[in-house]
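*Asks:* Below, each chain spelled out in residue letters.
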Amino acid sequence: MIAAAILLVIATAIYIPYALNSPQGPRGGSAIGLAFGIVGFALMIFAGLLGARKKFPVWRVGRAQTWMRGHLWLGLVSLPIILFHAGFHMRGTLTLVLMILFFTVIASGVFGAALQIYIPRKITIEVLMETIYEQIDHIRSQLRDEADQLATAACGSLDGKSDVDTAPGGDTSASAVEVGVEVREDARDLLREFYLCRMRAFVEDPARSHSPLGDPPQASGIFEELRLRLPRELHDTLKDFESICDEERQLTRQARLHRVLHAWLLVHVPLSYALLALAAVHAVMALRF
Amino acid sequence: MSAAIVELTIDGNKVSVPAGTTVFDAARLNGVRIPTLCHQQNETPVGVCRVCVVDVGGRVLTASCVRPAENGMVVSTASDKVRNARRTLVELMMSDHPSPCARQQQSGDCELEVMALAEGAEKPRFARRATSRGRDDSSVAIAVDHDACILCDRCIRGCDDIRHNDVLGRMGKGYRTGIAFDQNLPMGNSSCVSCGECMISCPTGALTNKFHVGTSLRTGEPASPETLHQLPVFAGVSGTFLELNRGAIVVRHFRPGEIICREGEYGSTAFYMLEGRAQVSINTQIGHVKTEGGARGFFSKLSSRLARGAEDHRDEESVRRTIPIDGPADLPLEKPVAELGPGDLFGEMTCMSFYPRSATVRAVTDVTALEMLRNVLDILQRNKNFRGQIEENYRRRALDSHLRSVPVFAGLTTSFIDHLRDKVDLVRYSPGQLICRQGEPADSFYLVRIGFVKVWQAHPGGEMIFAYLGRGGYFGEIGLLGGGLRTASCTALDHVEVVRIGAEEFRLMLEQFPEIRRSLETVATDRQRENRERLAFVESTPLQDFLAQGLMEAQSLLILDLERCTRCDACVRACADAHDGVTRLIREGLRFDKYLVATSCRQCRDPLCMVGCPVGSIRRRNSLEVIIEDWCIGCGLCAKNCPYGNINMHPFPVQIADPDSPGRTRAIVKQKATSCDLCTEHAEPSCVYACPHDAAHRVDPRKFFGALLAQSKRD
Chain E
0 MIAAAILLVI ATAIYIPYAL NSPQGPRGGS AIGLAFGIVG FALMIFAGLL GARKKFPVWR
60 VGRAQTWMRG HLWLGLVSLP IILFHAGFHM RGTLTLVLMI LFFTVIASGV FGAALQIYIP
120 RKITIEVLME TIYEQIDHIR SQLRDEADQL ATAACGSLDG KSDVDTAPGG DTSASAVEVG
180 VEVREDARDL LREFYLCRMR AFVEDPARSH SPLGDPPQAS GIFEELRLRL PRELHDTLKD
240 FESICDEERQ LTRQARLHRV LHAWLLVHVP LSYALLALAA VHAVMALRF
Chain S
0 MSAAIVELTI DGNKVSVPAG TTVFDAARLN GVRIPTLCHQ QNETPVGVCR VCVVDVGGRV
60 LTASCVRPAE NGMVVSTASD KVRNARRTLV ELMMSDHPSP CARQQQSGDC ELEVMALAEG
120 AEKPRFARRA TSRGRDDSSV AIAVDHDACI LCDRCIRGCD DIRHNDVLGR MGKGYRTGIA
180 FDQNLPMGNS SCVSCGECMI SCPTGALTNK FHVGTSLRTG EPASPETLHQ LPVFAGVSGT
240 FLELNRGAIV VRHFRPGEII CREGEYGSTA FYMLEGRAQV SINTQIGHVK TEGGARGFFS
300 KLSSRLARGA EDHRDEESVR RTIPIDGPAD LPLEKPVAEL GPGDLFGEMT CMSFYPRSAT
360 VRAVTDVTAL EMLRNVLDIL QRNKNFRGQI EENYRRRALD SHLRSVPVFA GLTTSFIDHL
420 RDKVDLVRYS PGQLICRQGE PADSFYLVRI GFVKVWQAHP GGEMIFAYLG RGGYFGEIGL
480 LGGGLRTASC TALDHVEVVR IGAEEFRLML EQFPEIRRSL ETVATDRQRE NRERLAFVES
540 TPLQDFLAQG LMEAQSLLIL DLERCTRCDA CVRACADAHD GVTRLIREGL RFDKYLVATS
600 CRQCRDPLCM VGCPVGSIRR RNSLEVIIED WCIGCGLCAK NCPYGNINMH PFPVQIADPD
660 SPGRTRAIVK QKATSCDLCT EHAEPSCVYA CPHDAAHRVD PRKFFGALLA QSKRD
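If you're matching them up, the sequences are chains E and S in order.
In terms of numbering that gives the first Met the number 0, the first sequence is residues 0 to 288.
In terms of numbering that gives the first Met the number 0, the second sequence is residues 0 to 714.
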């Protein structure tokens with residue numbers, strides 16, 4: 000940050016007299032303007048190298064954290080330097096496109112940096128059962144199996160035909176008969192109906208089910224009501240169902256926050272490459288013609 | 000009528016029997032069957048079950064097994080009164096008996112349950128026992144279910160009167176009465192010789208033969224009890240038991256060059272050599288995993304290879320020159336090969352504790368060997384002929400190398416070891432058995448021969464584990480060198496055998512070898528200092544919080560600050576890149592406050608990974624870091640044992656002799672265990688170095704979390 004600040008001060012100190020004393024105003028083709036352009040482009044290239052640095056994490060070419068700080072601050076300083084290079088003007092289509100790209104890249108970068116400060120804290124606080132993002136689908140399927148087994152253990156066969164049917168996956172340990180939950184048939188029917196009609200869809204795909212179970216207060220109300228209607232013998236199952244729904248909500252939340260945390264890169268990275276490519280074209284064209 | 004003959008009437012029939020005959024026998028001799036549970040023909044009757052009650056016209060019914068027949072006696076064995084009384088007795092016993100018991104489940108011939116079925120008393124009217132009297136699974140051969148015991152005493156009479164082993168008796172009073180081994184020890188820890196008499200005497204499922212995985216060995220010729228009894232080492236082994244375990248011991252023949260067992264493989268059998276010679280060796284390349292940069296400097300990726308200690312000496316690398324194996328002798332590190340011959344037993348740890356094979360054994364000549372499962376080995380180990388031969392073999396062949404394999408004893412002279420040969424004892428302990436107790440007088444020094452020993456101290460709130468000692472480990476020196484009292488307790492973790500050197504011999508050794516005294520004193524001082532430091536830490540830290548997450552046991556944690564971490568996985572990729580694509584960390588684990596304790600080696604103070612290593616290649620340095628020695632055979636047990644999943648198996652292609660094409664080699668993949676090496680090649684671990692957000696840190700948990708814990712305690 001200090002290096003970036005020093006660079007900015009020096010650049011500003013050079014630019015102000017240059018801008019004031021140039022008869023035709025500051026231009027990119029002048030010696031000082033060209034120097035600003037070279038420095039700005041160099042800073043852009045350095046910022047772009049962070050991607051390469053990340054591809055080879057064990058290269059001992061400086062700590063990744065140092066590279067990240069350099070990327071942030073020097074990348075940010077490249078903006079005023081490029082503006083100094085252009086003299087705060089945009090002449091021609093290519094320059095206009097370049098400037099739009101440049102501002103977009105800088106803005107997306109700043110936005111991303113802000114997200115990287117804000118979102119991890121949010122995940123840490125809101126997603127206590129956080130897991131590895133790539134494992135979410137796997138854990139979901141485990142939760143689904145667990146919910147099926149609990150339902151089968153408490154209600155018997157989920158199709159309501161026979162009590163000795165096995166749970167999905169062939170696990171006979173979860174059959175109602177073996178577990179020995181002895182409750183009234185109507186209570187079992189009620190729980191089975193709740194599970195099949197409301198909870199199963201939520202457990203299958205919480206994001207698309209639009210189930211009230213996705214909303215903590217509503218879910219809490221639903222389970223509270225069930226607790227009143229179902230006998231005490233089924234309360235443990237309800238408690239397990241409730242915690243499965245809670246974990247599902249947390250996984251959904253984690254997936255959503257994770258996407259937000261990383262989605263900006265889909266804008267920032269391709270535009271950065273495009274910027275570097277067009278900047279190189281601009282440099283060649285400007286120097287040659 | 001002779002005075003030696005008595006006449007009586009049984010169920011309306013007049014019968015004559017010799018005087019002194021019991022009513023039960025009088026009925027039996029005349030074809031009348033009286034049911035009984037506590038009485039067997041080869042045992043003295045005691046009349047405790049009362050099921051054999053008969054009506055002799057007296058005020059009360061009488062137990063026929065103990066009541067002598069009398070002249071003119073009129074006996075009714077099946078009147079309504081007798082049948083009702085018998086039925087009630089059976090019902091009462093059934094109400095106190097788990098139905099079906101183990102025997103009923105195994106063979107359907109639990110005498111009580113069969114009788115209950117016949118009497119229509121299988122569902123008793125009386126309330127069942129609310130509390131369990133417990134099970135005892137400590138014996139390898141026999142399972143004890145105290146709940147199924149009806150206290151008939153048949154096992155006690157079998158053990159004491161028939162076999163004269165005097166191990167079984169009764170303990171407790173009233174409802175708590177039960178059978179007991181020695182002074183109420185677990186059966187496996189008692190002096191029981193596993194003759195099986197109690198088991199075959201038991202009428203119910205209280206004493207049953209344990210079934211083992213693969214009770215019958217599929218390969219080899221089954222060895223009959225008659226064949227085995229012709230071998231001197233089997234003299235005295237219970238024929239009953241060998242009969243019960245037919246198929247659990249087989250005779251195997253191996254041609255020259257044939258592999259008898261292979262290192263790293265899991266098994267469940269031990270081998271006893273009868274004829275021929277075999278070579279025991281370690282074929283895995285000796286070397287440790289070394290990760291370093293390539294020839295192109297810092298732009299090249301890191302790569303891992305196997306390096307020998309001589310070319311890449313690591314701090315505090317072991318000074319051992321031998322590799323401990325599951326056999327009668329250790330192998331020299333430079334050339335890990337030895338020879339086995341008739342009378343040698345190998346594979347004990349594999350057989351008793353299911354550890355992987357520690358070495359490869361190949362027949363040199365035609366070999367005949369007995370292969371046995373653990374129930375048979377256990378019986379043999381309790382047989383004094385067999386034990387005598389194994390101990391003699393050990394004293395003659397292995398004591399020398401075993402003692403010298405321990406660095407502090409390397410200086411012992413041959414003459415002193417010869418002196419020790421007849422002075423040391425080999426003592427066996429069952430899993431969980433206490434070897435010595437903290438505070439007791441120190442009377443011996445111990446050297447571990449087989450198995451693993453846990454060294455611990457009792458403290459309010461739980462036990463504090465100081466060390467796990469495997470083969471070559473030793474304990475008891477602090478008490479003998481210091482104030483004469485044990486400073487810690489030692490417990491067998493599995494089937495353990497230790498070499499016990501008495502206090503007198505130990506002192507003699509110290510007098511004759513001052514350098515050994517100095518070395519032992521240094522070791523003792525280091526161990527005491529380390530223990531004090533741990534205790535000081537325990538007393539100064541809010542332990543519950545630490546213990547709750549197992550952090551207290553860690554020395555170095557990889558923590559991720561979750562408020563900074565963007566979940567980009569750069570740390571994981573860096574670790575994988577640094578170790579040939581095999582990551583040694585997973586970004587998941589316990590949370591403590593805003594920190595995630597990532598799954599990466601914690602350098603535990605209580606390193607469970609070390610328990611079971613068949614060749615003792617994983618150990619701690621004095622700095623307490625985990626080090627995997629060059630002779631790791633890649634069996635993967637440490638990786639399985641690590642409760643945090645922090646040990647990985649690193650594959651390497653190696654060339655081995657091709658058995659199908661003599662003289663040629665072929666490439667196979669061998670594995671070596673690795674744990675986080677902190678990227679010691681570099682100033683900073685790759686995971687920390689590659690984190691762009693300053694979220695990953697390697698920390699000493701005590702320092703790092705100390706302030707947090709203290710703060711939370713104040714709050």
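Check before you lean on any hint, since a few could be wrong.
Unchecked claim - Coverage of chain E stretches by chain S, computed from C-beta distances (three or more under 8 Å per stretch; other residues unrestricted):
1. 45 to 59
2. 64 to 70
3. 76 to 83
Unchecked claim - Distance windows between CB atoms, simulated:
4. R128/S / S242/E: 30 to 38 Å
5. D699/S / D136/E: 46 to 54 Å
6. R665/S / V259/E: 51 to 59 Å
7. A276/E / P652/S: 39 to 47 Å
8. D699/S / V60/E: 25 to 33 Å
9. D181/S / D136/E: 51 to 59 Å
10. K702/S / E125/E: 51 to 59 Å
11. L127/E / R506/S: 31 to 39 Å
No lab work stands behind these hints, which were simulated from the structure alone.
Every value quoted in this text rests on a predicted model; they were computed, and no experiment measured them.
For each residue, glycine too, the CB sits at the ideal point set by N, CA and C.
*Asks:* For a quick check of understanding: which of the numbered hints are violated here, in increasing order?
*Replies:* 3, 5, 10, 11
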